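Residues per chain, in single letters:
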Amino acid sequence: MDVVAEILERTAKDAEKFKPIHVKKHLELEYDVGSLLAVDINDLDAKLINKEKNDYIKNLTRDNIQLLINQIWQLPTERVDDAVVVKLPNAKTLLPRSLPVPKEKTLTKWESFAKEKGIRKSNKAKVHWDEELKEWIPEYGYKRAAAEREKDWVIEVPGNADPYEDQFAKKKQAKVERVAKNEFQRLRNIAKAKNIKIPKMGVVNPDMANSKDLVTAITVAKSSTASVGKFQSSLPKEKEARGVADITPGAKRKRKMPVVPSMQERSENLAIIDSVLNKKPKLDVTKALSKHLYKEQEMLHEEPSSKKPRAGKRGKKKGGNPVAAPKGGKKPKSGKGVHKASGNVGRKRR
Amino acid sequence: MKRLSEQRNKILFEKLAKYVGPNVKVLIERPDGNYCFREKKDRVYYLSEKLMKLSDTFTQQQLVCAGTCIGKFTKSNKFILQITALNYLAPYAQCKMWLKSSAEQQFLYGQHVTKGGMGRISENTEKYSGVVVYSMEDLPLGFGVASLSTAECKHADPMATVAFHQCDIGEYIRSEKDLL
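Listed in order, the protein sequences are those of chains P and W. The first sequence maps to residues 1 to 350 in full-length UniProt numbering. The second sequence maps to residues 1 to 180 in full-length UniProt numbering.
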């Protein structure tokens, strides 16, 4: 019995050395066990923190860590090689990244086209079997070049080709041009990705040109006469290339309308309005006809009721000229009235 | 927001003169200050000079628009009126057309006006002149172009078109996203 009591006493003494695992908190902590994070939302004790700052914070931290450890111990444990192991759940807290998100690479012209059309890249084998040479030949590299040289020791002249043309030189030239084109496209892709404006270089090779380039070529070519294209005729719906002022002789750059004081702008606008409103109307036959019809109709409506009084009124107004008074509502015709001589007779004097 | 070029100014005023005649001047010189036209992305805005000066403090990228959009220039440099111009042009309209209440809905759905649907027309309307279309309660409904003169209208077939539809207030709902 003594032994048992002794052991109990010893364990009690040992336990006194450690602080208790139960911590009392006013408000429960917020845990994110996945990222081993506990947030204490309780207020700090203002008195204690003034009195003994370090001890207070040390104790507080210990308590909070004890609570976090308690939480971890509630998870299912395993034993691996004499060690107790816990699998943490996924973290709830999102940590901000220190560096900015990397920008997406801009697609090259081919890549964007392939994406639009749904073309996927397929992995080719690096070597293929050549039946003629009975050999594995790589896709590229010096071995491929050597194999090609061995294979193409003779080239058939196509039926429609010039028999004296050097087919080997032609093939070499074609290869050089393909490489140059590829280089041009590579640089164009870089310029596009970095948003650099490539200066127009005039007229490009017709094999390479797109429709815009051709329009540029036409515009430039047209202005390349002695009279800077002044007398060149153009097709009915032909369009001029834009943005070619610096490579076209005699072309003026379009400028923005300058900023002017409001008074001036208004007077300019009013002048334009005046010119619009005072435009001499063209003789519009249909318009004239409709006007005439309208007048005639009005007359037809009015005639039966107001024929006599109108005639009488007019007669009075005119001051008693019985011959000049019109019979109906019609226009007076020439040669029916009395000629009013204005004093001198004879030649018309101006 | 930039000034309209002289050519565009002319096209704009010609179009406005079709609807309001000599009152175009009144649009610019108003009793509550001077107004002007500005252009952005081919759309034409009508705004007071005071507002224009304030809007000048913004860069092009920052400013979507200022004032009221009254229409836009097409790619072939023609000017097309937008329904938002109605409030400014209707009070000065030269030629007017009133619709019977039965024909109002037809017009507001974008159809032309037939002789049967026309209630009244101002007397001096000429062929192909711009008309402002009103309901019988004198509520402006939209713009049209007279396809017949007043005299011709009298003898026209009831199904004959008397005005071509240009725009109507139904567009506020029909093409809400396109209006600026």
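Any given hint could turn out to be false.
Label pairs and their in silico Cβ distance ranges [said to hold, decoys possible]:
| no. | chain 1 | residue 1 | chain 2 | residue 2 | range |
| --- | --- | --- | --- | --- | --- |
| 1 | W | ARG120 | P | GLU116 | 55 to 63 Å |
| 2 | P | GLU296 | W | VAL26 | 30 to 38 Å |
| 3 | P | PHE231 | W | SER48 | 45 to 53 Å |
| 4 | P | ASN42 | W | GLN60 | 49 to 57 Å |
| 5 | W | GLU123 | P | GLU238 | 42 to 50 Å |
Calculated directly from the structure, the hints in this document are not laboratory data. For clarity, every value in this text was computed on a predicted model and none was experimentally measured. Note that beta-carbon positions come from the ideal geometry of N, C-alpha and C, so glycine has one too.
Run through the hints listed earlier and report the numbers of any the structure violates, in increasing order. none
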